[in-house]
Structure formats: C-alpha cells, structure tokens
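Engineer: Residue numbers (this note's numbering), protein chains in the order written: chain A, 419 to 1068; chain B, 419 to 1068; chain C, 419 to 1068.
Heads up, a few of these hints could be off.
The calculated SDA-like cross-link candidates involving lysine to any residue, where the alpha carbons are at most 20 Å apart (straight line), are [said to hold, decoys possible]:
1. Lys-466/C with Gln-485/B
2. Lys-466/B with Thr-940/A
3. Lys-443/B with Gln-485/B
4. Lys-741/B with Ala-1003/A
5. Lys-741/C with Phe-693/C
6. Lys-700/B with Ile-834/A
Computed footprint of chain C on chain A; a stretch qualifies when at least three of its residues, placed anywhere within it, have a C-beta under 8 Å from a C-beta of chain C [unchecked claim]:
7. 458-467
8. 679-688
9. 706-717
10. 724-738
11. 854-863
12. 881-889
13. 989-1003
No wet-lab data here; the hints were simulated from the structure.
Using N, Cα and C, we set each Cβ at its ideal position, and we do this for glycine too.
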Amino acid sequence: MRLGVCYYPEHWSESMWADDARRMKSLGIEQVRIGEFAWSRIEPEPGKLQWEWLDRAIDVLGAAGLQVVMSTPTATPPKWLIDQHPDILPVGADGRTRGFGSRRHYDFSSTAYFEASQRIVTLLAERYGQHAAISAWQTDNEYGCHQTVLSYSHDAVVRFRGWLQERYATIEALNTAWGTVFWSMEYTSFDQIDAPVGTVTEAHPAHRFDYHRFASSEVARYNRMQVDILRAHAPGRVMVHNFMQNFFEFDHYPVAADLDAATWDSYPLGALEEFWFAPDVKARWLRTGHPDFASFNHDLYRGMSKQPFWVMEQQPGPVNWAKWNPAPLPGMVRLWSWEAFAHGAGCVSYFRWRQCPFAQEQMHAGLNTPDNVLDIGGSEAHQVAQELASIAVPDAKVATKVALIFDYEAKWLFQIHHQGIDFEYGPLVFDYYSALRTLGFDVDVIPASAALDGYALIVVPPLPVMSGELVQRLHDSGAHVIVGPRSGSKTVELSIPANLAPGPLTAQLPMRVWRVDSMRPTTEVAVQRGAQQGVATKWRDLIEVQGATKVVASFDDGHPAIVRHQQFHYLASVFDTDFMRDYFAEVAQEAGLTVLRLADSMRISRRGGLTYVFNYGDTPAAAPAQAGARFVIGAQQVPPQGVSVFEDQQ
Amino acid sequence: MRLGVCYYPEHWSESMWADDARRMKSLGIEQVRIGEFAWSRIEPEPGKLQWEWLDRAIDVLGAAGLQVVMSTPTATPPKWLIDQHPDILPVGADGRTRGFGSRRHYDFSSTAYFEASQRIVTLLAERYGQHAAISAWQTDNEYGCHQTVLSYSHDAVVRFRGWLQERYATIEALNTAWGTVFWSMEYTSFDQIDAPVGTVTEAHPAHRFDYHRFASSEVARYNRMQVDILRAHAPGRVMVHNFMQNFFEFDHYPVAADLDAATWDSYPLGALEEFWFAPDVKARWLRTGHPDFASFNHDLYRGMSKQPFWVMEQQPGPVNWAKWNPAPLPGMVRLWSWEAFAHGAGCVSYFRWRQCPFAQEQMHAGLNTPDNVLDIGGSEAHQVAQELASIAVPDAKVATKVALIFDYEAKWLFQIHHQGIDFEYGPLVFDYYSALRTLGFDVDVIPASAALDGYALIVVPPLPVMSGELVQRLHDSGAHVIVGPRSGSKTVELSIPANLAPGPLTAQLPMRVWRVDSMRPTTEVAVQRGAQQGVATKWRDLIEVQGATKVVASFDDGHPAIVRHQQFHYLASVFDTDFMRDYFAEVAQEAGLTVLRLADSMRISRRGGLTYVFNYGDTPAAAPAQAGARFVIGAQQVPPQGVSVFEDQQ
Amino acid sequence: MRLGVCYYPEHWSESMWADDARRMKSLGIEQVRIGEFAWSRIEPEPGKLQWEWLDRAIDVLGAAGLQVVMSTPTATPPKWLIDQHPDILPVGADGRTRGFGSRRHYDFSSTAYFEASQRIVTLLAERYGQHAAISAWQTDNEYGCHQTVLSYSHDAVVRFRGWLQERYATIEALNTAWGTVFWSMEYTSFDQIDAPVGTVTEAHPAHRFDYHRFASSEVARYNRMQVDILRAHAPGRVMVHNFMQNFFEFDHYPVAADLDAATWDSYPLGALEEFWFAPDVKARWLRTGHPDFASFNHDLYRGMSKQPFWVMEQQPGPVNWAKWNPAPLPGMVRLWSWEAFAHGAGCVSYFRWRQCPFAQEQMHAGLNTPDNVLDIGGSEAHQVAQELASIAVPDAKVATKVALIFDYEAKWLFQIHHQGIDFEYGPLVFDYYSALRTLGFDVDVIPASAALDGYALIVVPPLPVMSGELVQRLHDSGAHVIVGPRSGSKTVELSIPANLAPGPLTAQLPMRVWRVDSMRPTTEVAVQRGAQQGVATKWRDLIEVQGATKVVASFDDGHPAIVRHQQFHYLASVFDTDFMRDYFAEVAQEAGLTVLRLADSMRISRRGGLTYVFNYGDTPAAAPAQAGARFVIGAQQVPPQGVSVFEDQQ
C-alpha cells in the first residue's frame, strides 16, 4: 500500500522540477506517473526526437527517490501525424470524422495508427525500458474515453468483415446465425456487410452485437501490441493501463489479462453527477460521492488484476468535466484513499500534482493549487501517508464468500436490445451490489468465467446470455445462486433460445418465461412474499413454473415474482431496495453467512484481519466493533467523513 | 367478417408449414398474408429467381383451405439491388443517405427503384396472379413508416421541380403564389429550386407545403404503378395496402382510391405509448389502449375504403417497438377484434402467427410463442372465431348521421406553420372525435370532398384551407356544422385570405378573425357560455362578429369564444373536454340527434341492427340496452375488458 | 423623439403606396425604413438593375413628407448570386453548409460575398446617397441573427489563421499563450490550425475563445466596409445598424463605433418566451414582457451610441417567431414606446406598417392588419404621436450616477468554459441590472473601456478577464464598486492568473480564490450577513481574505460570501434577489445615492427633468411623485399598463 501522483513535467518550468520531486517525497508519495500526453514534446516534428528533457525529468524524479510509472503517449497523436495519415481519425455514428484538437482522436482499427503506435512505443521502450527509476509502464490512457471504442471508419468496417469471416467461416453461417432472412437482409458475401449504423430504422441487433464485440476486441488487440513491445524491452516492469470508472464499452477482462495490474481512475463526485443517479441521490451525496460507487469499481478491478489493483487517478478536489463540479467535503480525499486500500488496492495515485492553469482541464484540482500552495487534497494525502504505517499487513488479500458476476457483453446487449428504454444493465448491477454492501458483505465482482469455488452466495445480475457450462459450474459451486430477470433469455447470437428463457438455466431451475412485460417508469406492480409487501417496476418475466420449482413471491395479478429450485433463486422483476435486500439477507443466512445491516451512510470492508469503517454521513456513528477491538486508525465513534480501522480480538 | 393472420414461411423450417396451416384453420382463421419481406429469398442474387419454396408455401396454405393474401416485397429491397443502385436509398433532412440494414430503405422518387419495383411486381404477378389460393394482393408494406415519405435525394428534387412546373406553369406564377419577394427568395427558373431543408432559419412555408404535397403524390404514384401491374395479371383479386395507425404524412385518400379495400395495422398499446397522450392518460389505459384510438382509425379507414376495410395487423400481445411494451390485459385481443368488426371491418388479421425468435422484432408477440405454444392472443382469436357465427348480418354497413371531416394537408400545414409549437392537428382531431364518441355517436370520418347528404351534424376540426365550394356544400347539407379554430385562415398556397380568416366561411358565418393569440401550455383563459364555465388553452382567434352572427360564448376579456350563424358554429379556441362536449351535445340535440352520455371507459358501436358494447374499465358496467334487448354475445352486465352485443326489440 | 415605421413597398401593389404614405403621416409617423430585403427586386438577374420601382417608392414617401431610412439589402443575397458563388454560404458547427431559402445565408468571411456586397452597396450608394428624402442608412439587417456569427467554412478558417498570425506573430507564441502542450496539441505552423469544432471531446478553450473573437471581428470588418462606402456617397446621412435584443455573439462596441447611432429591435413578448426566464416568470409577464427587459437593452445601446439610440423595430402586436406568440395587453405598445423615449431613444420605429399575408412572417402583426385596417398597435402609435408634443425637452440626455459594466467577451467565456453548465453570463447581468432598477435607479450600461468619472456606484457583473488598467480606473473613479463572482479569474488567453483569481483585482481587494465550487440547480447554501439570511446557488468562489480585506457575509460552512476592502466589494456567489438587492441598497446609500424601492410591477426613468412611470401590473398604482408634481402625461394614479410622466416642483 503506497501513494502516487500524476505529474506533467512538460507543463512546468524545468526550474520547478527538483522542488516538486522533493515536496512529493516529503508528502509521503513514492510513485509518479508521467508522459501519457507528451508525444508532441518527444517528437515535435516527424522523426525529430527530443529525449533530453524527458531524460532529465526522469532523472530528477529518480534522484529524489521516486519510482516512475512511464506511459506511452498514444492517447494524443500530434498534429503532424494526423496530417500525414488523416485515416487515423475515428468516425462517429453520424458518419462524421472526429477531428484533431482534444484527445483520443484515433481509430483502434486504423492500420496507419497501429503502425505509428508500434513505432513510438518501440522508441520509448528502447530508450527507457531498463531505466532504473522506472518501475512500471502504463499503456496509452483511458481506452475508450469520449466514446471512442466504436468507430465507423473504412478501416474499421474492413477489419469487421475479416472478424466476421473468422467467426462464421461462411456467409451462409452468418445469415443463419443472425437471422437475416427477416426483412430480406441476407448477404451473399462478407464484403457486403457495413457497420450497423445509419439505417432507416433500427439495425439488426445481432449485427450490432457483433460489431460491438469486434470493436471491443480491437481494443484488446491494440493494447496487446503495446504490451508485447514493452515487455520485450522492459523486463520486470509492471505493465498497467488506467481503466475508467463504470466504463463498460469494451470487455476489460481480456485487456487486463495481458497486463500485470489493472488500475483505474476514481472520480466519485464527477461520477455521481454524470451517471444515472436520481436527482435526490445526487443531492444527498453531492460532496461525498455515492458510498458504493468507488467500492464497486475497486471490487470490479480487483477481480481482473493479477497483482493488487491500483487507483491510478484519485480525485483530489473539484473536477472540471461534469455538468457541475462541487467541492468534496474535507476528509473525503482521505476517506476515498483508505477505501481503496481497504478493498485491496496496492497504490493510490492522485491526479494531479498541481492544478494546470491552462487548457481544457484548468479547473481540475490537484494536490497543489496553480500558485503552488498545498491544497486540502494534498494535506489529506499527507495524512494518509503517515497513517499507512499503522497497518500491519498492508498487502493482504481481500477474502469473501460473496460473489457477483459481471459481464460486459450483457451491458451491450441491454443497450442494443432493451425492450424497455430505461432498462439498463449498469444501474441494475449497481443496485444488486449496493444491497449486498449494506448487508455488510465484502463482494468479489467476477466474470462468468471465474472459478466459483469457496463462495456461499453468488449473485447473478441480469445475464441474458448464459451458457450451460456456467449453469453447471454455478451448481457445482454449492453456493446459493440468485439470478436476475431476463437471464438466459438470449443465445450467443442474440436470439431467443429454443426452450425460451431462461434457456440453459432451466436445467437447474425448471421454468419457462412465456412473456415479457416492460413498463413505463410510473407503473408499479405490487409484489408479496409472505407478509412482506413490495413493488416491482420496469420489467416482469411472466413465468410458468415447472417440475419442483416453487413460487416464493407473487405479483398481485398472480404471476410468480420469485421462484426457486433448491439453491437457485430467480427474480422475475426489479424490486424496491428493501424487498430485494430482505430476500438477499434471507438467502445469505440460509447460506450460512452473517448479515450485518448497516446504516445508509456507513460501509465496512475487511482486509488482512482489519475492519475498515467509513462514515459517508453528516453525523458521527459507531463502528460495528466488538468490545475489546483494537483501533489502529480512529476510534469506535466515526466522525462524519471519517475513517476508523480496527482489529477484532482474536 | 373473418379472421386472418400474417405468416412468414421463410422464417421457419418447411417441415412446420403443414402443421401451421392446419392449426390456423382449426383456430378459425380463414386468410393468411405472406411475402411482404421475402425479396432476398425470391431473388437471392440478381436474376436468380427461386420460386419453388414460395410455390410450395402457397400450395400448403391453399391445401389447408386458407385464402392467401400475397404481398409485393418492395418494402425491403435486397442488398445486391442497393449495391447496383445506391441512389435507391432515401436521404434525410440532415442530408445523410439512409442506409441498408433494416427496411423501407428506398426513395419513392428514385427512378432506379421505380423500375426495379415494376420488374419484381411484374414477375410476381405473372407467376401468381391467377393462383387459385390467392384472393388478394397487398402492395408493399406500411408506406411511409420510419419517416420515409419525405426524402431529399437528387431524384426527389428533380421530380419536385417537374411537379412545380406542372402546378404553376411559369416561375412567375410560383413566385407570386408563394410570395418569394419576401426575403429576396425569388427564382428565375424552376431549376433553381431545392428541397426546403438546411436553410439558415425556417424555410418558406409555401415551399415546405408544396414539398409535402409533392412527396405525398409520389407515394400515390408509386402505389398506382404496383396496382396497375397487379390488376393486369390478377383479375378479380382484392387490391389492398396496409396503412398505419394515425399516420398522416401522406394523403391516404388518393392511394385508397386506387385500391379495393383500405387495411390498417392496429397496435393500441404501442400507439398509446408512442403518441401524444399525457403521462396520466398513458398510465390509465396502459394495458387496454385508449378507448377511442382504434375506433378513430377504423372510422377513418372505413371512410376511404370501397369494400369493407380490414385490420391487416392486429396486436396479439406485447410488441417490441415502443419505448415500453407492456402486456395487454386478458380479454383485450378479443375486445379489439370485436371493436373492429363493430366499426365495419371485413377482416381482422393478427400479426403474427408465431413470435419470431431472431432479428429486430424478436420481442413482438404472436398468436403462438416461439416454442410453438398457443399464447393468450391465440386463444382469444379462437374465441372470436367461434363467436362470429352468432352475428346474423356480418357485412352490414355502418350508418350514422354524424360526420367528422379529416384532412391530411391540414396536418402538414399545422406542422409547417404552427404559430404555437404545441398546436398540432392530430390531437385536436382526436379530441373532437373522442367527445362525439363519449356522447354515444357513431362517426363517419370523411374527407372534405365526400358527399355530405344525410348528415345531421358535421364537425370540422381546424381546417385552415377551406374552399368556397366546401362551405357551400356544408350549407347545402342542411346539417349543423361545428368548425374549429384556425379554419379558413389560409389560402391553398398558405397565405392569409384577402378578407382574413375564416376566408370563404364568412359567406355562411359573417365574422373576421383580426388577430391570433397563441399561448404557452400553462396559460388558461376562462370562458363562459350562459351559466357554464370552462377554460380555453393554446390558441384563440380574436373575432369581430359581423352581420347576423351571434356570440354564444365569451372569454373573460370579452372576446367571443363561440359564435354562430344559423346552423354554422365556430369555436375560437381549444376548450376543456366538458365545455366542448356539452356544446356538441346541445348542437346535436338541436340537430335532432339522441345523445347517450357514456362512462369514460364504456363505448358503443352500431352495425346491422346490433349494438356492440365495450368495457375498457376495471369494473363491470351495464350495457345501455333497453328492456327486452336480445344479447347475442355477452349480457347486460359487461365485465372488465368485456364485450356484449345486443339487438334492441323491433 | 419621433416615430417611424418599417415598410416594404415591394410587397404591395404600387397602387397602395401613396395612400400608405398619407396614412403614415396622418398617424404621426415621420420616418420610414425600407429596402433591407429587396435585392432580388433591385437586381433580379446578374447585372440587370431595376431601380425604377425603388425610385418611385422613395419619391412617394418623400412627397408625403416622410424621411426615408434606406437599407443595404445584403442580409438576403439572391439565388443567382449563391449559384454563382456557393462559397458565400455559411457552414455550421456540424460541418454542413447552410443553404439558400430563408435569410442571412452568407459567411462574414466569404471573399466572394465581401466583394459582392461592396458592389451592391456602392451601386445603391451611388444612386441614392444624396437623395433628399433619405436621411439615414441602415447597413444590412440584424447581424448575427440565426446563429450566423460563427461559421466554419474554408474561407473562415483561412482568415482565422491570418488573424492568429497577426495576433501572435509566431506559432511558438500561440503555443505558449494557449498552452497547447496539454494533450500534445502543439502546432508547428499556423496552417495546421482548424476551427475548434468536431473534436473528439471539448476543443481547447483558448482556441474557441480566439475563434469567437475572430468571428466577432469579422462582423465589424464587414460592417465597416459598408459604412465606408456609404459615408463616401451619402454625406451627412445618419449611419445605423439595427442590432438585436440581448444578442451577445459579437462585440457590438466596435461596430457601433463605426456608426452614428445604434438602433435595436425590441420584441418584449417574443424575448420573454425565448430567453432564459423561468416558467413562472414567463407566465407572470406573458402579455407585457419583463419590466426590465427592454430597459436593459435601451441602456445597453444608449451606452454605445454616439447620437441618441433608436428602436428600429418595435413589436406592434403578436409576433410569429417565438414558440408561443401571445397578444400584448392593450396599452403595451404605447407603454413600450414611452419606455424607449424615457431611456433616451431618439426614434421608435414600428415593425411593420402592415402585416404581410405571405411567407415566413405572415403571422407577425403590423400597425395594420393584412386587410389594411388599423390594428390596436396602430392606434396606440397614434396616441404616442399626439402625446409627444407634451414633452418639453425631448432630446435631453439621460444622466445617472449608477453604471453597470457589460462585456461581450465575458459572455463567450462563460459559454466556452462554464464549469457549471447553467452558469451563464446573460441572466447574471440581467439580475444585477434588475436589482438596480427595482431600487429606483437609472443605469448606464457601459463597456469596461468607458470613462468612469461621475459615477457613485459601479456594478461589475462577473468579469473573468479584468485588466490591471481597469482595476486602476475603477479605483480612480471614487465610486463604490461591486464585483460579481468569477471576476478576474482568467487571463486574456483564458488561463488562470499566476496569483489566482481575482487576478489584478487583488491590487484593490486583497484576497485569493483558492477553489471554485459549482453546484447543481437543487443545491442551496445558506448565507448570512448580520441578521440577514439568504441563499446562494450555482457557484461559489472559496476565498482566503488577505491584508485589510473584511468579511461582510459568510456561508454556513464558514467561507466568506461577501468581502470588502474600502470601496471595493466582492460577491462570491449568486445570491437570491432580496439578499443581493439589500446589499446593493446599502452600498448605494453609503455612496450617497437615494434608494427608492419600487413595487415589482412599477418602474421609473428620468430624462430631461421628467420622471416617467410605468405600470406593468394588473392593478392601478401610485406614481412616486412628490406633492405638487406636475403631470404632463397621465396622473398620480397609474392604471394597469399605463404611463404617467411628471415634473417635480423645482
């Protein structure tokens, strides 16, 4: 567990570098990321490489005892390169080329850019691969940011055709898999297939689904190219990429599999403003962020990272890119930092060392203000650095018996084929996750392909495409399995299974979803489970139970709302939080787990024998520590925006 | 009165066809529509015609005793044809070509597509024109769906110039008619005229109005081409097209005039969600549809159909294409079917036989689920088939003394030149219609050109362009005539009449609209008629009465709200439902009609001596039958979502 | 003080002209504007000039004793010119060329159009420059209307590069000024720089800011070209342009500096509907307009006009171009006219003489209805003409000790770089202005470059770019200076000042804004000043006071809300109206001014020893006249929508 910071020597007078490095070190920072937007300074004109300033910058940092995370600068190709190869630019769904003048102006499928990237990454790796001060390499920056996963360029379409040919072998197989006979959309050659945009009405969903898969695989291909070059020249260095928060547009698992550690960029206040939260939720957590938001991402990235994950960019104060950008409450930068460590982070790195007085992000806070005065975030980082010493087993693993299965393709499927326009994957997953957290559980967020041994409770948010193999492994795990609506409703090619939903799941949970009922936001259906009342919204699977499957809860028009067969549970709808949480709690207890119901603003995490307690609320609250617990940070009473860490008596 | 179904043999294994046909027949279905999206199966490559599968499909259906409605497949030109002639594709108002990959990707003005359509329709007509099993032909599918009436292609603009030349003869005449002197928009040649889009601020309204008329006439021209070919090869077959619900973007009257029967596609729940209804209205009728929606369309299409109109596609369960797609209540498929017959339908045909498990509409219900189990809609269709026998005079005409004048051009005029952004034609017409229906009237929805003899009450929703000839015929009909605001306010070229509004109507109703007052949604003006209070919204014609015209109601600032001269009544605003309905009732009684005020959820229709009663509500309600009435279906007490049919004592 | 009217002889039969002129004169109108859209009538084909009709029109008007304001017709280039030079057309931010068919379809940077304009203006000036009936010339019409200031054409980009080269001399200077090192946006040549649109994410703010400055300077260049030609041929004539209401997209000050009088087009009801006012405000002033809206524009244009400003177009009844277009209450046309004169207008000219029955504006009222009957607006104009005689010193100057600084660049900066998406310049300025007006003050709206002598109170709404020179002049004025939030926060190149905000202002007001807190609309922060409570919204500067600066008010979390040093006052946030107004009142009193708190619907203005009183409300109210005051118009009791004018006893 250590602290880091993001730094841009090219933005500042060289005369400031040494003092910056000294002050970082004295603040307790051990690691500095640099270089990810520096191409135009490294190569201001084609072939004219200016390494010297960068040599000096790395040397200054290294000399101060800081470890350097070097980045490839491919997120911002310089103007001369774009002018040489305009086909580097991505093309939007509206058919317009997206131009130079900000960042990420490249198409993952561009052949010209693939080659230009190979070249610059090789040059960088050759020069710095074995530099003693450099401990890690970051590829590019925030793949996919600004909706750049999907591009509709000529290069992309050509590569998509090749991807399809590889997947389906023959055009007849593709026609059958997609069902192109519908609306006479049949193809006689792969060369006839375009990108699924600009159609008169909605494009074919299987076409869209495959285009998204293709585009996702292009990200992995591009990243692998960089990692391969870097590994060849930089042996022993940690390979990372900084993923984004709640960003699901490409499948992160294969990308992370090529890296040593997944890292992510955590901006709790910007996220609260920009994501799906209701206005009252946004108002409530305005200056703290939602208590489960960063946690969810920590658990997600931990689940794909070989080494302990990092937070590569931690919000240090107000940001500039949300619609509104409030200041966090004092204490929150410390709280967020500890929360990351509690969830298993190996490093928390703040973005950025000093607020930059110019260009697009000039209103983004840093640890220091532009006039080089330490800001609140800087002081809190210093406090965290001092407190880190109090943790005995800093790099312990997070261990839990509760898992939640996350699936990127499911996200795309909901997007492409929603059937109810506000029925989205991300918020559904988050609500399931949040319910588990408020019951006091640590949660492993894992892919469907992960090993399931050792879990007592596995929650499967709506997973339209379920393989028989997954169903078998869920069964073999011995865990209780709670499955969300719409699960098993689609084949891998986005058709309806021959036996209807839930498809292969019926092997363990005999039932048939004979109809789907999607509803306007104002529509609520009452639901009842024993004495407990609830409301269901948005979506209902209308179920015919089969075999020994039992109805656990029912809608007021008589249709089953929750059904169960042995350890498999199926939720037919989106229930209100209390109704869902109570059922989760009951199943968890049946699975032998201890439920700890937390106040809305309290959260706990366990790592290495310690329990970390976070108070997101406005009033002091008691940590759920047993008598005799030893507090290593804070005390039983946790102040607002406070953190306590305790060790229960052995 | 008979039942039909829409079927896609090309979507299913040929091994299922015979059983499908047998089950249709046993369900009581007599007619099957096929082929409207099958081009890529008929002609998978240019010139390679594969008739055999279609021969067999028709034979299987015919052998089962089913009548086949054959469709031309022109709504979905195959990819190879688009690749040969990219100019087939329509162009949007944004200047972008709308691509292949869904349906209706053709421009009505494309010369290449006109010729390609002639060819495929001729081939089809030659092969099947006299096939014994084929009783009717459908041209294309849902003209105009997905906003395809208006296209802005090169071909369209060139043909528009020709259309203008024919209409105006000289460019001077056009300049004068449009008033292009305003803003120096004068032309010196027809070749200078472009489509009225992409201008810096709003395009000239007369230009837009004529472009819409032109585009509408292109639909009629295209359809006529198909009908002419079919009639030449398929003598005695019924020529139909399936129009859409509340779709007003082209003038349906000339298209219907070329057909034998108008048919339309009825989706009450999708319509409720997608059309203009307020959220509370959408919530109230969520699973039944609005009680007047299908009725309005029945009456509209009856008014343009030479033979009894059909419902070509009847919603059988949830659909897939609205923002949300709830399940209808049990009973509604039966209710909607009987409602169609009560309004004069000759056939109700369900869409579709079996839910298709793939492609864009995979979530659209059928009479059977994808696993080939009879769904609720299928059971209710079967019940209707059995009940049909109880109707003595199934093909009787609907006869009523109440007419409502409908005008497609009025719709476009409101759209192009609204003066108050929420002042739309469709909802206004619907409110007038709905008021008449809740007073117990059957309503003929007719064009302004229809014969008016025999009516006692003619309601004219806002009709900006009124000819003197129409005014004279309204007078000569002897009926009471209620005219909505903004009527007679425009000349045929979208100018203000020399005598101001209501233009030619002043011959019967002396008055002068000297000003128009358009108001924000929150603005209400009180209105008073004797002791009755009401509120007016959206729009006010400020009227100066002339001659013997009397003020019947006034706004609270003293301006006339309703004026009247003899049997002509003019409404100066949009009144609340009660205020408007009470006035309609009073005029109707003066016109010698019997008013029957119905509960909000009850509706009645009369056809062939029978009264059909529909309960859209949630509680049982009494049918308005006199003592001694004979119930042929149901009973005096009509259950929720129920239907009763009775014959009054002679 | 005189009345005028806008007239289009080309829209009407020549047989009507003489009678129109006679009736204008008899109504009391002295001035007629013509010609601004008449190009296609003057030159129907290239080089075919038809002057005769225009000669006759001018002669007819002149013969009736009317003064003619002749306009250049460049706002509407004819079709043949566009066909000759398609590069005249502007290009939108979406890259699409904006076409012919409405008006203002030209790019200020188009070389072809610059030359074509020179030619037509020269021809017109040569023919009519010294015509005895012509007293003034209007250049073009409403520069910038329909978002035409910013264009993204090839010509515009080429000229932008030249503008940049002139501003920065070297590309290195530009790179440094903008901070292009951020995100590798560095340029090696001016020729690499494009327009700042179509980027993947937001374009560089300095790039956008300079593009806006460039585009604004293009308007001034274009206007100067016209004025130079006209002055050469029309000596002694008044040069004017009709600016728009609350239109801030180009800097009006340099344009006005080239003219003799600024004139503007006043549409209070259309403005209320289209601008930022909240729904309840729109409802309250539906038929009167907001009481401060026209006033603000009067004061703004007075502040840039060498001679008394005019209202070139005064709304005479309902308009056609807002989303809804209600009728003004009787009396309002008179009230608006007197309000203009009270604020210093030299002329009020109504738009238009007669409602035009065709084309885009056919629903725009005139002084006469299309059937040539005098409308309410006409009668009220007549009343004003008669009342004008009662004013003794009609052309007196408005004199006040209260100034408000207005800055066009500030508007663009907020737009480009908002940090809180609803934090806009226009509404903020308006709220400051409105607060001053309801305290009974006349207000000079002035540019930052204006002389400040003689003011007792200077209000500076948020002014991000403040020069040290301005700060010094503010200090030297001796006035109390109230400065809004975000002031001094940016350098001229849109960076953060080295000493942070408020930059140069700290010389007079020692403080440091170390953080900015931007907030969602629902967020309120309590603020306290002594016993007074208020709420702050949208934005907070978090301030560290320095030196002798005192905290006058604080937020509930302890941060300063208002700070003050000697006569400089800084508001750190957007306060509720009462809180802000009370502070203004207190400072004004300290500055020696007399505060007169007016009812919400009452406003007063003083000019030439007279006090003008306007009642925007629905009930009679008393004029704030001392006993013995002499009423030259109206009386002490001002009826709803009424005007009184009195002279206090000497």
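Engineer: Which hints, by number, does the structure contradict?
Structural biologist: 1, 2, 4, 6, 8, 9, 11, 12 and 13
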